[in-house]
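Novice: These protein sequence lines map, in sequence, to chains C, Y and D. Residue numbers are given in this note's numbering: position 87 of the first sequence equals residue 87, and the series is strictly consecutive. Convert by adding 1000 to the 1-based position in the second sequence; the result is the number in this note's numbering. Convert by adding 2000 to the 1-based position in the third sequence; the result is the number in this note's numbering.
For the record, the hints were derived by calculation from the structure and aren't laboratory data. What you are looking at is a predicted structure, and each value in this text was computed from that prediction instead of being measured. C-beta: ideal position from N, C-alpha, C; glycine also. It is possible that part of the hints are untrue.
As the list claims (entries may be wrong) - 20 Å max Cα-Cα, derived EDC-like pairs, lysine to aspartate or glutamate:
1) C:Lys26 with C:Asp62
2) Y:Lys1062 with D:Asp2137
3) D:Lys2216 with Y:Glu1067
4) Y:Lys1062 with D:Glu2219
5) D:Lys2064 with D:Asp2137
Said to hold, decoys possible - Covered stretches of chain Y, as calculated for chain D (at least 3 residues, CB under 8 Å):
6) 1031 to 1044
7) 1047 to 1054
8) 1058 to 1066
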Amino acid sequence: MFTNHDAELATINSVNTKNPFIALFKKDLLLEIRQQYTLYGILLYIASTIFVLNLAMGSPDDKVWNGLFWIIQLFICVNAVAKSFLQESRGRMLYFYTIAGAPHFILAKLLFNAVLMMAMSIISMLLFALLLGNPLVHIGSFLLLVCLGGISLSLVFTFLAAIAARAQQNAALMAIMGFPLIIPQVLLLMKISNIAFGAVQSGLWSLMGLLLLLDLLVVVLAWILFPFLWKD
Amino acid sequence: MKKAVLFLLGCLIQITMFAQDQVNAEPVPTGMNANGKIWVVMAVCITILAGLLFFMVRVDRKLSKLEK
Amino acid sequence: MLMRASWWKIIGVLLLLYTFSWGFFVPVPHIGNLYETIRNLFFHVPMWFTQLTLISISLYYAIKFLRNPQPQYDLYSNAFAQVGILFGMLGLVTGAIWANYTWGSPWNNDPKQLGAAIALLIYLAYFVLRNSMTDLDKRSRVAAVYNIFAYFIYVPMIMILPRLTESLHPGGKGVEGNPGLNGADLDPAMRLVFWPAVIGWILLGVWISTLVIRYKNLEEQKINA
Chain C
1 MFTNHDAELA TINSVNTKNP FIALFKKDLL LEIRQQYTLY GILLYIASTI
51 FVLNLAMGSP DDKVWNGLFW IIQLFICVNA VAKSFLQESR GRMLYFYTIA
101 GAPHFILAKL LFNAVLMMAM SIISMLLFAL LLGNPLVHIG SFLLLVCLGG
151 ISLSLVFTFL AAIAARAQQN AALMAIMGFP LIIPQVLLLM KISNIAFGAV
201 QSGLWSLMGL LLLLDLLVVV LAWILFPFLW KD
Chain Y
1001 MKKAVLFLLG CLIQITMFAQ DQVNAEPVPT GMNANGKIWV VMAVCITILA
1051 GLLFFMVRVD RKLSKLEK
Chain D
2001 MLMRASWWKI IGVLLLLYTF SWGFFVPVPH IGNLYETIRN LFFHVPMWFT
2051 QLTLISISLY YAIKFLRNPQ PQYDLYSNAF AQVGILFGML GLVTGAIWAN
2101 YTWGSPWNND PKQLGAAIAL LIYLAYFVLR NSMTDLDKRS RVAAVYNIFA
2151 YFIYVPMIMI LPRLTESLHP GGKGVEGNPG LNGADLDPAM RLVFWPAVIG
2201 WILLGVWIST LVIRYKNLEE QKINA
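So that you can see chain C by itself, here it is in the shape it has in the complex (with noise of 0.2 Å):
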């Protein structure tokens, strides 16, 4: 606890001064390297998903192994994001809000749930590589497909968590009211990653085009709604 108290103090000192939107990130980046255990238990669930699963179909083929692949990054979506309300308490989190101000507060969410889900992306494809076989024939785009991808989750389930964080039920709730909306995302993100496995595709461009108007949509969604979300 005393580490979370440096980190919200070096916030606190930074906010009034700099820009707070890069303080708020600072801080949820400190805090995560800091409070480790959150972060290993993703990793944790990353890997022993990915384990159980290579027990269960050995190297499945490519579009078993592609929609696998969505599917377990959607549930890990879910578990990273979470949190990210959770771990601050009320007291905390209004006092944030109300130095550095709404639409400051939910960008830097927005901003480092998205590097987190990044990252850990990136690490499930590796662990997919290597434990369920790699039929990637196309590495590199796969990979820039993969970010963009756990960005696109990330964003949906950030506000949905703040949503979720206001109505208690955290993880169930989030389930039940992401997993509509998330569709088609999940949708375009398995139509795209084809092409990693060698399959020809037309309108590839257009199709990226759409995933990252659909970002651009949910975040000014979230910087529109969010401070109505947490005025009391």
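Once you have looked at the hints, place chains Y and D on chain C.
Specialist: Just chains Y and D now, with coordinates in the frame of chain C:
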């Protein structure tokens, strides 16, 4: 609400009557596929009616509870 | 008050009477294996129009609530979403019946079926979210935020879905779609029934919603009294 229910019932009767007129018109396909599949349209109409009635009954019950 | 006025209800009833009578007599073109089921256009398709209208009204009141937090607006938003779900379910079930006799099976993973199912899941989640909170003010606000967020993701979704999966619906990219049955070049005689039917069904949906609103108002008064 009663008006709506009555009206919908009236419509249903009309549908079935119209459908019966056609029973002997065209042979060959049987069951739901008979008569140019008009029975499918009837099934759709009945489904909508049933759904709306179900909802109405629920609202009705809640209202009666409230009136008590 | 418009909600209690009866002229638009009468219009709705007349339009539906017209739909249910002339809808069965109007001469229809022969397209594929549709035969007479093409008349479902007047009953199944307007369900979707009504659902979209009702959830749009629900969105309108959610936005209104956030700008000016009156409990009344939240009540409206909730009621319209509720009846919207009813029509969504009816659209889904009637679609499944129609599909069973023309496409061969009730569920075809058609993008429009997916879209309707997703809308149901979204709005059912909306009610789960509402019921998970007891604090009235917080509940209204959080529900309104989710309502707006979900709506603005849902609408682009139903535009994207057809690009990702093959469709049997008219205008879709599938090969087995019904090319003759298209919104744009719908048979003129049928169009004369279709659009009145859509308006009639929408008015009926709004009417039912206002009944729900009145009932909920009464409930509210009872609690406060």
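Novice: Decide, hint by hint, whether the structure agrees.
Specialist: Tested hints:
1. The hinted pair formed by Lys26 of chain C and Asp62 of chain C fails the criterion: a straight-line CA distance of about 39 Å is larger than 20 Å.
2. The straight-line distance between the Cα atoms of Lys1062 of chain Y and Asp2137 of chain D is roughly 24 Å, outside the 20 Å bound, and the hint therefore fails.
3. For the given pair, Lys2216 of chain D sits about 13 Å from Glu1067 of chain Y by alpha-carbon distance, which is consistent with the 20 Å threshold.
4. Using a Cα cut-off of 20 Å, the hinted pair Lys1062 of chain Y and Glu2219 of chain D holds, with the two alpha carbons roughly 9 Å apart.
5. Among the hinted pairs, Lys2064 of chain D with Asp2137 of chain D is consistent with the structure: their alpha-carbon atoms are about 15 Å apart, no more than 20 Å.
6. With a cut-off of 8 Å between beta carbons, the region 1031 to 1044 of chain Y has 10 residues touching chain D; three or more are needed, and the interface restraint holds.
7. Here the region 1047 to 1054 of chain Y counts 4 residues with a CB under 8 Å from a CB of chain D, which clears the bar of 3, and the coverage holds.
8. Counting residues of the region 1058 to 1066 of chain Y whose beta carbon lies closer than 8 Å to any beta carbon of chain D gives 4, which reaches the threshold of three, so the coverage claim holds.
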